[in-house]
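Note that the protein sequences, when read in sequence, are chains A and B. If you're matching positions, the first sequence starts at 26 in my numbering and goes up one per residue. If you're matching positions, the second sequence starts at 478 in my numbering and goes up one per residue.
Calculated directly from the structure, the hints in this document are not laboratory data. Heads up, some of the hints might be wrong.
Think about it this way: if two alpha-carbon atoms lie no more than 20 Å apart in a straight line, the pair counts; the simulated DMTMM-like pairs of lysine to aspartate or glutamate are [as the list claims (entries may be wrong)]:
#: 1; chain 1: B; residue 1: K777; chain 2: B; residue 2: E543
#: 2; chain 1: B; residue 1: K569; chain 2: B; residue 2: D559
#: 3; chain 1: A; residue 1: K58; chain 2: B; residue 2: E606
#: 4; chain 1: A; residue 1: K58; chain 2: B; residue 2: D559
#: 5; chain 1: B; residue 1: K1232; chain 2: B; residue 2: E506
#: 6; chain 1: A; residue 1: K58; chain 2: B; residue 2: E655
#: 7; chain 1: A; residue 1: K102; chain 2: B; residue 2: E655
#: 8; chain 1: B; residue 1: K541; chain 2: A; residue 2: E120
#: 9; chain 1: A; residue 1: K102; chain 2: B; residue 2: E506
#: 10; chain 1: A; residue 1: K102; chain 2: B; residue 2: E606
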Amino acid sequence: MTADAAGPPQGTLDMLILKSLSLGEMHSLGIAKRVEQLSREAFHVRAGSLFPALYRMEESGWLASSWGESDNNRRAKFYRLTALGQRQLEAETEEWGRVTRAIALVLGTT
Amino acid sequence: MSALYRLASLIRNFFHRSQVEREMDAELESFVQMLADENTRAGMSPEEARRAARVEVQGVEQVKEEARAVRAGALIETIWRDLRYGVRMALKHPVLSLSVVLTFGLGVGPPAFVFGLVEGLLWSEPPFESPERILALGRWDPAREGRFNFGVSARDFLELREQQEVFEGLAAFSHGGEVNFAEPGGAPEGGMAASFSAGVFEQLKVRPVLGRTFRADDERPGADPVVVIGHRTWRERFGTSPDVLGRELRVHGTVRTVVGVMPEGFGFPRGADLWLPLRIDRSASPAAGGPYYSVIGRLKAGVSLSQAQAHVATLASRLDRPRAGSDPLPPLTALPWGAAGRAANGVNSIPPLFVALFAAALGVLLVAGANVANLLLSRESSRRHEIAVRMALGASRWRVARQLVTEVAILAAAGAALGLGLALSGLVWFTSLAGADANEVFDFAAFGLDWRAFSFALCAALATGIGSSLVPALLTAKAGPAGALSAGGRGGSTMKRGRFSASLIFAETAASCALLVFSGLVFRSALRLTGEVLPFAPDSIVTARLVLPRLDYPDSAATAAFRERLLPRLASLPGVVAATAGDRLPDAMGDPYALEVEGRSYARDSDHPLTQVAAIGPDYFETFRASTLLGREFHDGDRLGSLPVAVVNESFVRRHFPEGEVLGRQFRLGRRGSREWSPATQWLTVVGVVPDMFRMGRNNTRRDPAGLYLPLAQGASGPRLSLALRANRAPGALTRDVRAAVGSLDPNLPLLDVKTMREVMSLQNWGTRAISRMFEVFGLAALFLTCVGIYGVVSFSVTNRTHEMGVRMALGAGRAGLVWLALQRSVALLAAGVAAGLALAAPVAGALRPLLHGVRPIDPLVYGGVVAVIGLVGGLAALVPARRVTRVDPVVALSAE
């Protein structure tokens, strides 16, 4: 966890969380670590952004949660992707691809 | 799909808030714990690890706050908190809160009441099951003549009933009229009877509680006479006995068999007590002018209004064709019943009088709003410190303003509830007045408060509340924490506040001045109506009516014979000074007759002037203590076959014989509306002139008091007779004697509508009196609110200027001078407000003309009186608090800070 790591770009946190959960159910700290790991420590997810995002997505029915035991025998709340969340991830991934391709195109021409 | 989850979460967050919070706490705790575990594994001591984890999280409480903000229903949560805080604040300042609630109540009550009135008048539906599915048939041409005509001829009805395919059935009824009825051997009583064809009850979806309603064979001429009775008659005459079916009831001369009993509360139309089968004469040709019925039908399931209207139009065009060539009638049309009723009475739009009434009521609301704003301003200064602290602690200006507005909204809602209560009691009062009147407008009209009136009152209160609290709230919020905390309440914004509340007082005074002018005008006209000097004591005259059944009194001669036997008996009753009969009482009004004065020519039918006519018996003028001014009264010589004579009143002379010469002049009477002038009478010769004291109907909208009298003995006597007896005895005992006298001549004849002349007169103009009373109440409410406002503002400014007054006093200012100083501003505001109010009232007062009964809209007495009242009451409201200035002790005032 590096001190100079920034948060993920605006509007992409949901997608990153959904993506990290697509590999299996996970607790909140695990999600934060996974995002950091997958981005090679480029992104650092603050608790102040993580929890609002988790609750919002849970209330939207994209995530489901249940209490369980962590690897170190700590009680933790585990989140998993619902079918609705899976569809949301696909839609966001596709949209993201479209946007990045377009931006790459714009930047490539100048 | 997502929204559904959101809703479920909202409910969970709202109702299981503590559980949701506990879970969030636990989750964050485990998050910190796991971070600490990691740190420990990286080699930190347990304490260090835990501290580093907390630093990493950057404040557990902040994270919770951010997480709460995204939860569903976060906004509701804030509002809920504001509401609870608002209620606490309201309870903390009970006097102020109560004044605000009362002010709101007084302000919202009048417009909600008028709203309920207008709604009852315009939107009431027939009181039957799904009334919008019941259509009425009638002739209506909205383009040519606005009024819906309910009359459908017998032939049209029968044809339509057979051919139509869109209604469950078509049914006809006629309102019928007053009848006398009694079970064999019982005392006769008067009631209303309506004639129904088969199927009327079925279209209304009203079932009898006992027996049956009418069948098709009841309509046939020659069928057994039957009757369906109302619940009241069942109770009072038959003791709610179930074996009433098959019993006999003598109805207006015919003995009928009771076949059905209707449920409690059913009295359609016009409070009917009995229902008779409608006898439809198939041979009656509509050209002969009768009979016409009201026709209704309930739409079959699945048939739309427009389909039904198209179907009726098609059938009607086939029916109307054969008579083409004669004068074209408006087409037969089907309209929803309620709408047809309104179209028939011409109340499709709000009458101007109600617009004026509504404007007056809104004026009261405006005054109330200004008052609320003033009250809140005075609170604002006391709360400045609290608000400043909140803002210093980081509350945004918007957040503070929202809190203040929420507080007012609570008070406004409480005020709206109070206002609705006031409005409801007003509507109950109005219904009790209207209930005594059988006016057709009120056939379906029910005056109450429904969700529309309810939301109207709430919206009015909230709009007023928010409007009046916005300026004080913004002023407070704008002051900012620094200014408020340091200046201790005095500074630039006090000036601003002073200007704002001065403009409020000005507006209040102007509005209530205008309202008082209106109420003064209607009050004066009401005085003119009720305070008129009558030549007789209205309580000393007892009146009653008789309706002679055609079966027992088949012709004019029989009626006349009965009358001539009755009147001497009445006159000889103990205590009776004079007794008479007529076809109407002096205060009532009938359809006017058109007039043709001898020697004058009229180009068109409508050029014939209209006049009121009453046919009277002997001693009529003596009974009402009018003496002839010129010529003679009627006497025994005025009989059928002798010279047809008339007595006219003074206004008639002024209007129709301005040349002066009256006795011996001749005129004829007729009816307007036919194509050619066709007089209904012979030439009538004027033999006498009486004073105008018999205003021929004081609610005469044309306000033309011209009228004339004909002798009953010379005309065809109708079945209706009004009796009047002037006596020096109590009305109660006299009524028993009169009833006995009538009963000795005809035991089946009940005495109807026994009333003193005072009661008759007050029934005639209840509408005018009711509306006058409303204007008076509105005006007084506005005056009261304005005075409260003036009192509040002056006492507030006196309190605020204690320091200044102390300085002035210390420098040697006199007490009177100081009081004047405190008053000065209010007096100037009052004067300006009154001037503006008068200027506002004068042009609008013209709209009240129909209420004014000859009082001019610019009546100097009323305007002067209003100025005096406002000057006096407003001045007092200012003077009382201003005098407190003199009690200021300069030493205390100067050391107060």
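- Looking back at the hints listed earlier, which ones does the structure fail to meet? Of the numbered hints given earlier, those the structure breaks are 1, 3, 4, 5, 6, 7, 8 and 10, listed in rising order.
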